[in-house]
Every structure is written in structure tokens, then in C-alpha cells.
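2 protein chains.
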Amino acid sequence: MASGKILVAQGGGPTAVINQSLVGVALEARRFGQIGHIYGARHGVRGIIDEDFVDLTQETSHNLELVANTPSSALGSTRDKPDAAYCHEIFKVLQAHQIGHFFYIGGNDSSDTVRIVSQEAQAANYDLRCIHIPKTIDNDLVGNDHTPGFPSAARFVAQAFAGANLDNAALPGVYVGVVMGRHAGFLTAASALGKKFPDDGPHLIYLPERVFDLNKFLLDVKTMYERHGRCVIAVSEGIHDASGTPIAALLAKEMEHDAHGNVQLSGNGALADLLCEEIKAKLKIKRVRGDTFGYLQRSFIGCVSDVDQREAREVGEKAVQFAMWGSRDGSVAIKRTGFYSVDYELLPVEDVAGKTRVMEDEFIAANGTDVTDAFRMYLRPLLGSGMPDAFRLRHNPVAKVLHK
Amino acid sequence: MASGKILVAQGGGPTAVINQSLVGVALEARRFGQIGHIYGARHGVRGIIDEDFVDLTQETSHNLELVANTPSSALGSTRDKPDAAYCHEIFKVLQAHQIGHFFYIGGNDSSDTVRIVSQEAQAANYDLRCIHIPKTIDNDLVGNDHTPGFPSAARFVAQAFAGANLDNAALPGVYVGVVMGRHAGFLTAASALGKKFPDDGPHLIYLPERVFDLNKFLLDVKTMYERHGRCVIAVSEGIHDASGTPIAALLAKEMEHDAHGNVQLSGNGALADLLCEEIKAKLKIKRVRGDTFGYLQRSFIGCVSDVDQREAREVGEKAVQFAMWGSRDGSVAIKRTGFYSVDYELLPVEDVAGKTRVMEDEFIAANGTDVTDAFRMYLRPLLGSGMPDAFRLRHNPVAKVLHK
Chain V
1 MASGKILVAQ
11 GGGPTAVINQ
21 SLVGVALEAR
31 RFGQIGHIYG
41 ARHGVRGIID
51 EDFVDLTQET
61 SHNLELVANT
71 PSSALGSTRD
81 KPDAAYCHEI
91 FKVLQAHQIG
101 HFFYIGGNDS
111 SDTVRIVSQE
121 AQAANYDLRC
131 IHIPKTIDND
141 LVGNDHTPGF
151 PSAARFVAQA
161 FAGANLDNAA
171 LPGVYVGVVM
181 GRHAGFLTAA
191 SALGKKFPDD
201 GPHLIYLPER
211 VFDLNKFLLD
221 VKTMYERHGR
231 CVIAVSEGIH
241 DASGTPIAAL
251 LAKEMEHDAH
261 GNVQLSGNGA
271 LADLLCEEIK
281 AKLKIKRVRG
291 DTFGYLQRSF
301 IGCVSDVDQR
311 EAREVGEKAV
321 QFAMWGSRDG
331 SVAIKRTGFY
341 SVDYELLPVE
351 DVAGKTRVME
361 DEFIAANGTD
371 VTDAFRMYLR
381 PLLGSGMPDA
391 FRLRHNPVAK
401 VLHK
Chain D
1 MASGKILVAQ
11 GGGPTAVINQ
21 SLVGVALEAR
31 RFGQIGHIYG
41 ARHGVRGIID
51 EDFVDLTQET
61 SHNLELVANT
71 PSSALGSTRD
81 KPDAAYCHEI
91 FKVLQAHQIG
101 HFFYIGGNDS
111 SDTVRIVSQE
121 AQAANYDLRC
131 IHIPKTIDND
141 LVGNDHTPGF
151 PSAARFVAQA
161 FAGANLDNAA
171 LPGVYVGVVM
181 GRHAGFLTAA
191 SALGKKFPDD
201 GPHLIYLPER
211 VFDLNKFLLD
221 VKTMYERHGR
231 CVIAVSEGIH
241 DASGTPIAAL
251 LAKEMEHDAH
261 GNVQLSGNGA
271 LADLLCEEIK
281 AKLKIKRVRG
291 DTFGYLQRSF
301 IGCVSDVDQR
311 EAREVGEKAV
321 QFAMWGSRDG
331 SVAIKRTGFY
341 SVDYELLPVE
351 DVAGKTRVME
361 DEFIAANGTD
371 VTDAFRMYLR
381 PLLGSGMPDA
391 FRLRHNPVAK
401 VLHK
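So the protein lines, in turn, are chains V and D. Sequential numbering of the first sequence, starting at 1, is according to full-length UniProt numbering. Sequential numbering of the second sequence, starting at 1, is according to full-length UniProt numbering.
None of these hints come from the bench; they were simulated from the model. The structure displayed is predicted, hence computed values, not measured ones. It cannot be assumed that every hint is accurate.
Any copy will do: because identical chains look the same in the list, a pair fits if it lies in one copy or spans two.
[Stated by the list, open to error] Once the Cα atoms are required to be at most 35 Å apart in a straight line, the calculated DSBU-like pairs of lysine-lysine come out as:
no.: 1; residue 1: K92; residue 2: K282
no.: 2; residue 1: K404; residue 2: K81
no.: 3; residue 1: K216; residue 2: K404
no.: 4; residue 1: K253; residue 2: K286
no.: 5; residue 1: K284; residue 2: K355
no.: 6; residue 1: K400; residue 2: K284
no.: 7; residue 1: K81; residue 2: K280
no.: 8; residue 1: K284; residue 2: K253
no.: 9; residue 1: K92; residue 2: K400
no.: 10; residue 1: K222; residue 2: K355
no.: 11; residue 1: K286; residue 2: K92
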């Protein structure tokens with residue numbers, strides 16, 4: 001039987017609720033008498049290699065609850081992507097500390113780490129239970145209805161576009177908002193939930209699941225601008241042409257000057273700025289503004305879905321339960337059971353690791369620039385309670401006197 | 001005596017609470033029996049010229065309350081900056097509709113419009129009461145302790161930096177956040193309120209009130225990075241060198257390539273991207289990220305200060321009271337009377353119009369890269385109740401076993 005020491009770590013990009021999962025593990029583990037110590041590794045797998053552990057058993061439940069409600073990774077994170085040799089080092093440290101259960105909260109890369117460490121332990125005949133706990137704002141883990149962290153980031157994006165739409169209605173023009181998600185468009189698609197009235201933006205949504213054509217884009221913008229006198233556009237940072245070349249790179253080239261020069265073409269404001277320049281130059285629209293949501297969408301404090309908080313806590317709790325009562329390693333997954341309720345299951349890590357989910361076709365409108373009602377139904381309950389709402393003055397026009 | 005018709009309009013950039021002032025005017029005006037009609041001009045002064053009026057008297061109080069809680073300008077706004085001829089046209093329309101009271105909610109430009117229209121009416125011996133109602137996220141109106149709209153935008157900036165700091169602590173590196181405010185650094189300075197623990201960011205704050213020196217900046221960043229292993233930086237979009245040249249323009253030139261080429265150097269991501277490139281190139285720091293908060297900081301729905309909401313409502317109410325019970329035109333101003341309470345007074349429009357307030361010296365630390373406690377005391381009550389808070393795990397290290 002596995003020993004009474006557990007180790008938990010957090011990997012990859014932080015989310016608004018990743019500490020809920022950490023605290024879910026810590027508090028649930030305390031309910032099992034056979035668990036003597038709960039260690040946390042600082043800065044993910046890097047902290048394991050460095051034996052940089054803190055003893056979470058000595059935390060108060062009160063402080064754990066406060067940390068649970070704090071965004072970003074309280075233990076620290078890492079971008080290290082362990083290969084087999086790295087995982088072997090991880091395993092050696094786990095062995096030295098007589099860790100019996102290893103919980104790793106993270107996305108794709110983290111699940112792959114769990115997979116390799118699990119294999120190492122089996123090969124060495126060391127009794128280790130390895131559980132991957134899902135987390136990613138990109139919502140790109142297969143086997144999950146959705147992933148913890150995505151609903152809160154989606155809520156930020158929906159609120160950002162609801163506000164940007166109101167701003168754009170007050171001072172009409174074209175607004176381009178660039179959203180995270182290199183391969184999966186879920187977060188960009190969440191912009192659609194910021195829409196209330198039929199003429200609200202976002203009027204156009206560009207996802208990495210569809211090939212981006214610049215001429216088609218300009219025509220779309222022109223059409224919407226003529227229809228509404230304004231246009232709000234949501235763009236995924238991952239848009240690319242048919243060959244897979246990022247649009248930012250293409251635009252920089254097309255503009256025939258060294259726009260953004262040596263400046264990297266992702267993880268900055270280049271795509272938004274270049275698209276805006278293109279619209280100004282080709283469509284002769286004067287007021288064109290672009291924002292790149294950047295880190296705000298994943299790190300802003302005070303924009304969180306209560307559904308996401310609850311589920312992130314639960315995946316942590318369930319991970320411990322699966323580990324203590326179950327007989328195999330795995331990856332905790334969220335299954336939707338009703339509108340709206342969920343349950344959890346333990347998938348084989350191999351089913352999750354190294355795979356990327358993208359938006360299902362049924363979620364993307366036929367025209368390629370909008371989402372479907374199926375997507376709206378999918379996402380709405382995840383955003384949680386207390387979503388801010390926008391209202392308008394009713395239109396009671398006054399008759400003209402001077403210019404009748 | 002002035003007629004029983006009033007006209008209200010909204011100008012300049014929208015804020016989170018500008019509709020509170022609109023609704024303050026509309027609801028307070030209904031309490032005066034002699035006011036028969038409350039008109040709203042759509043899209044600011046542009047709507048006056050175009051006689052594009054809606055009758056707010058026909059609104060329900062319930063819908064007005066819902067609109068009050070909706071950010072951005074419900075009547076629409078404009079960037080038109082009226083000159084004397086434009087103001088004459090405004091006056092002609094007010095005269096034709098027998099408007100007796102004109103309320104204009106806006107910043108510097110709007111107060112100047114009120115000043116000129118007021119003079120036009122006096123010259124024509126037309127009985128018109130003109131009141132300017134303050135609004136600007138820049139907090140740059142003289143004669144005011146602060147301006148409605150600023151507290152909510154400041155809250156967004158503080159929350160954004162609180163979150164960015166947590167993200168940066170989890171995945172250490174350098175983070176640059178560029179904040180609005182061309183001449184006044186109040187909004188950028190609000191980033192300091194996102195700080196809780198002594199080693200939290202923002203570690204450096206650059207305001208337009210101080211001359212920006214690139215070498216000094218790089219040295220500051222290097223020092224902080226060495227001290228904390230990371231560095232979070234708040235930068236005003238308005239930073240400039242001793243000659244007043246914007247830093248984005250200087251950097252583009254210094255990098256000796258056409259970075260951002262024909263792309264405009266303000267109102268986009270250029271400054272953040274160029275500063276990040278500079279840090280990477282000169283300090284050899286690998287993980288450097290920049291965000292430009294852009295429109296999010298003024299239009300995000302769901303991040304609002306309740307103090308700001310209340311005061312924005314009150315300036316609207318007081319404007320009507322000053323108009324109905326007073327005997328002169330003016331600009332409503334907020335005066336701080338306690339820690340924390342305010343009262344309102346009517347300043348001569350001439351005292352406000354065409355002037356720009358910048359941060360007082362007592363608010364800026366001697367080193368030029370931080371704010372003072374005086375500023376923290378000034379801003380904290382404005383942010384309102386329910387500010388999200390960040391907590392940390394307490395440090396209970398576990399002894400190393402392998403690498404003792």
C-alpha cells in the first residue's frame with residue numbers, strides 16, 4: 001500500500017481557480033487518517049527536482065480557504081516540460097521522500113508528466129499513486145466537458161466584450177479584441193456571451209479552428225460596419241492561413257515594411273495593431289482600435305465564476321478520493337450530467353496526455369464568424385452567477401424643430 | 001426665468017459610472033414641478049447640432065436605474081471639440097427647442113463647450129442655465145478632489161496589477177503594464193493599490209509627471225529583478241523624455257529598424273512591446289511580457305467602485321439642484337470633507353475649462369518610481385467596498401533528503 005505522504009504541485013499558466021484545486025487536495029487529504037503529511041512542491045516539477053517542498057499539513061484551514069479564493073498558483077508554477085530523463089529525476093526525489101501519492105494540477109504538458117512518472121514508478125516497482133488534476137483556460141483537454149480555469153477566463157472575456165461593445169456603441173468605430181488560445185478557440189468564442197441585444201457586438205468572431213482569409217475578413221468588417229455603423233471583432237491569437245502561417249507574420253510581410261521588426265509576433269500587441277492598420281488602410285475607416293487582452297484574461301483578480309470555483313475545488317477533492325479508494329493512476333475529468341450539473345471520473349492518463357481538444361464543429365456557425373446556440377447553451381451555465389448585465393435607454397425620439 | 005425644458009448630454013470617453021450622472025439628472029429633475037420635459041441629446045454635442053433628441057421624461061424609473069448601473073454613455077458620446085461657431089449652432093438649437101437648462105457630462109473639452117455656450121446665451125440675452133457635470137477616468141479636472149469615473153478605472157488598474165503580480169510571482173520574469181493617461185499619472189499610480197505584501201509588484205511606476213530616462217529605467221529594472229527575481233512595472237502611456245518626445249517614438253528610432261513602422265505610436269500596443277524588447281536586448285532577461293490595458297480599463301463591465309457610483313449619481317442630482325435653486329452657471333465639483341466623505345460645490349466654469357490637473361508632487365515618491373502614502377490614503381477610499389484580496393501560503397519548508 002502507498003505511504004502516508006502526498007505531494008501536490010501546480011504546473012503551466014496560472015488560472016483564477018487553480019488554488020481551489022490545491023486546497024481541495026489539502027483539505028480532503030486531511031480527512032484520511034493514513035495520510036501523515038501533505039507536501040507542496042514550489043514552482044511545479046522544478047520544485048520537485050530541487051526538493052523545494054513546503055508542508056501544507058501545517059497550514060490552517062482558514063488560511064487555506066483564503067488562498068483558495070486567490071488567483072494564480074500559490075505554490076508557484078513552471079514552464080519546464082519534463083522529458084523522460086527529467087521525469088526520472090522527479091521519481092528519484094519522490095522515492096527519497098517516500099511519497100506515496102503524487103497530484104499534479106495542470107494542462108496537457110502536466111498530464112504527460114504524470115503519465116511518464118507513473119510509468120517510472122511501475123517500472124521500478126515503487127508503490128506510487130499518480131493523479132493528474134485538470135486545469136487550463138484554453139479548455140483544450142480531451143475527455144472533459146470543460147476544464148477548471150476556463151469558465152473564469154471565459155467570464156472575463158465575455159465581460160470585456162460586453163463593455164467594449166457598450167464603449168463602441170457610444171463612440172462608433174471598429175474595435176478588435178485579441179484573445180488567448182493558440183489552437184483552441186473556446187476562449188475567443190466566449191466573447192459571444194457578452195452580447196445581449198441583436199445589434200450588439202461582437203459582430204465577428206475569428207477562431208483558430210477556421211482558416212483566416214484576409215480579404216474575406218475585410219469584406220466581413222465592411223459589411224458589418226455598413227450594417228451597424230460600427231463593428232466589434234473578437235480574434236484568436238492563433239488565427240492562421242491555410243498553410244498554418246500566423247496572420248501576424250503575413251501582415252507584417254504584406255505591409256512591406258519591417259512592422260514590429262524583430263519584435264516577436266505572438267504574446268504581444270502586434271496582431272491587434274496590424275489588423276487595425278489593415279482595416280484603416282483598406283477600408284478607409286478612421287476610428288479603429290485594438291486591444292490585446294494578454295495576461296489580464298487569466299490573471300485579473302476579482303472576475304471569477306462561482307461554478308468554476310466549486311468545480312476546481314471538487315476536482316481536487318475527487319483526486320484524493322480516487323487516489324485513496326481507487327486502484328489505478330489517472331486524470332480527473334469533468335462530465336456534464338444535467339443543465340446544469342456535473343460529475344467526475346478518472347480517465348486513464350494516456351487518454352488525456354499529449355492530446356489537444358479544439359472546438360467541436362457544432363459550436364461554430366456555418367459562416368465561420370460566429371458561434372452556435374449549442375455553444376451558448378454549453379458555456380452559459382459555466383460563467384456562474386451574478387454576471388453583470390447591460391441595459392439601454394428606450395428610444396423615445398423628440399420631433400425636430402429647426403431641421404424638420 | 002428659465003423654461004421648463006432641460007437637455008442633458010454626455011461627451012468624451014465613456015466611464016463605468018457616467019450613466020449614474022445622467023440618471024441623477026433625469027430623476028432629480030422629475031422632482032421639480034416646473035420641469036416639463038427632460039431631453040437627452042444622442043452622441044453629445046453632435047446630437048444637439050443634429051437635433052437628435054430622446055425624451056427621457058418617458059423613461060420608467062426602473063429602467064433608468066438599470067441604465068445607471070450600465071457602463072459607457074447610454075446616450076452615446078462624441079469626440080467633436082466644438083469651437084465658437086459650433087457652439088453657436090448648439091445655442092441655436094437650444095433656443096429653437098426652448099431649452100432652459102443645459103447639462104453636459106464630460107471632461108475638459110466638455111467644460112469648455114459649456115463655457116462657450118453659456119457666453120453665447122448671455123450675449124443673446126437668452127435665459128439659459130448651463131451646468132457642467134464632471135467625468136473623466138484621467139482625474140485631470142482642476143478644482144475637484146477627484147472626478148467621477150476615475151475611481152472605477154483606478155479599481156480596474158489596481159485589480160489588474162494585483163492579479164498580474166500574482167501571475168508574475170508564479171512564473172517569474174518581467175511584466176510591463178501600460179496604463180491610460182497622457183498627461184496625468186493618477187490612473188497609472190493606482191497600480192500601487194494592487195500591492196499587499198512588501199515584495200509585491202508593481203515594483204516600479206513610471207508617470208508622465210516625471211521625465212523618463214531609458215538608461216535609468218533599465219537600471220531600475222535590473223535592480224528590482226536582482227532583488228526579487230522578478231519585476232512588475234506600471235507605465236503611463238504618456239511617458240516622454242525631457243523634450244516631451246514620447247518614449248515609443250524614441251524607442252522605435254533607437255532600435256534602428258522601422259519597428260511598428262507606420263503603425264501609430266499611441267493607442268496601441270507599441271509602447272509595451274518596445275519596452276519589453278529593450279529589456280530583453282539590454283538586460284538579457286528571457287521572460288519579459290507586456291500588456292496594454294487599452295479600452296478594458298475604461299469599459300470593462302463588472303468592475304466598479306460603489307463610492308464612484310454614488311458620487312456620480314450625486315453630481316447629477318446636485319447639478320439639477322444648483323441649476324434650479326442657484327443663480328449662475330458653473331461646473332459641479334467634488335470636495336473631500338472627511339475620511340471618507342464628500343460634498344459638492346458649483347465652481348465658475350472658467351475655473352475648470354481648458355485646464356489640466358496633474359499629480360501633485362506630494363503624491364509622487366522622491367525616487368520618481370513609486371507613490372507616497374499620501375497618495376495611498378487619497379485613493380484607497382475611492383476604490384469602494386469589496387476589493388478582492390490576495391493571500392499566500394505560509395512558508396513551512398520541508399527538509400531536503402537527497403540534496404542535503
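Comparing the hints with the structure gives:
Taking CA atoms no more than 35 Å apart as the test, K92 paired with K282 passes in neither setting, with 60 Å inside one copy and 39 Å between copies. For the homomeric pair K404 and K81, the shortest alpha-carbon distance between copies (25 Å) is at most 35 Å, but the shortest distance inside one copy (70 Å) is not. When the C-alpha separation of K216 and K404 is checked against a cutoff of 35 Å, the pair qualifies neither within a copy, at 41 Å, nor between copies, at 62 Å. For a Cα distance limit of 35 Å, the shortest separation of K253 from K286 qualifies both inside one copy, at 23 Å, and across copies, at 26 Å.
Proximity of K284 to K355 under the C-alpha cut-off of 35 Å is restricted to the inter-copy arrangement: shortest distance 34 Å between copies versus 43 Å within a copy. Only within a single protomer do K400 and K284 lie at most 35 Å apart by alpha-carbon distance; the minimum there is 32 Å, versus 65 Å between protomers. In this assembly of identical chains, the alpha carbons of K81 and K280 lie at most 35 Å apart only when taken from different copies (22 Å versus 41 Å within one copy). For the homomeric pair K284 and K253, the shortest alpha-carbon distances inside one copy (20 Å) and between copies (27 Å) are both at most 35 Å.
For the identical chains of this complex, K92 and K400 are inter-copy neighbours only, at 13 Å across copies versus 82 Å inside a copy, given an alpha-carbon limit of 35 Å. In this assembly of identical chains, the alpha carbons of K222 and K355 never lie at most 35 Å apart, being 38 Å within a copy and 39 Å across copies at closest. When the C-alpha separation of K286 and K92 is checked against a cutoff of 35 Å, the pair qualifies only between copies, where the shortest distance is 29 Å, while the shortest distance within a copy is 62 Å.
In this structure, the hints that do not hold are numbers 1, 3 and 10, in rising order.
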